[in-house]
Amino acid sequence: MVREFSLHNVVNSLTILNAGKTMGHIETIIAEWQNTLGFHFNNNLIISLYVHLSCMIERLVMRNEISHYKDLEQFTRQHGEFIAMVNHSFQRLKILYNVALPVAEIGYIHDIFELRIEDFSW
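Heads up: the sequence shown begins at 1 in the UniProt record's numbering, then just goes up one per residue.
Hints listed in this document are in silico derivations from the structure and should not be mistaken for laboratory results.
Treat the hints with caution; some may be incorrect.
As the list claims (entries may be wrong) - Beta-carbon label-pair distances, calculated as ranges: (1) 20 <-> 73: 32 to 40 Å; (2) 87 <-> 27: 13 to 21 Å; (3) 55 <-> 98: 14 to 22 Å; (4) 117 <-> 55: 18 to 26 Å.
Note that CB positions come from ideal geometry on N, CA and C, so glycine has one too.
Hey, can you work out the whole structure from these sequences and the hints?
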């Protein structure tokens with residue numbers, strides 16, 4: 001049900017990507033993150049991730065990625081494991097779409113976790 005609600009939101013926002021395929025990739029990524037982080041994500045976090053990640057992937061494909069993030073150097077030093085986890089989970093998409101994933105984009109993913117999970121410390 002969460003995936004279907006998110007898919008509806010994404011279909012209305014994506015312009016060049018196939019929403020169904022994109023959602024399948026994101027579903028795999030979310031499952032991998034849940035396994036790596038060791039807990040099940042609540043529906044609010046899952047919906048936020050579906051919407052954000054689908055739009056982010058489209059930005060990357062269109063070469064319109066976010067390159068600025070507050071205190072990027074500090075974020076990189078403090079959250080190396082999180083950055084590595086996200087980069088690892090996006091390997092297939094990076095190859096499939098021939099895109100890079102800037103650390104600034106990963107910073108915004110981290111922000112979603114911090115907003116949706118109390119005491120998130122990755």
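Each hint, compared with the structure:
no., hint, result
1, 20 <-> 73: 32 to 40 Å, "holds (38 Å)"
2, 87 <-> 27: 13 to 21 Å, "holds (19 Å)"
3, 55 <-> 98: 14 to 22 Å, "holds (19 Å)"
4, 117 <-> 55: 18 to 26 Å, "holds (21 Å)"
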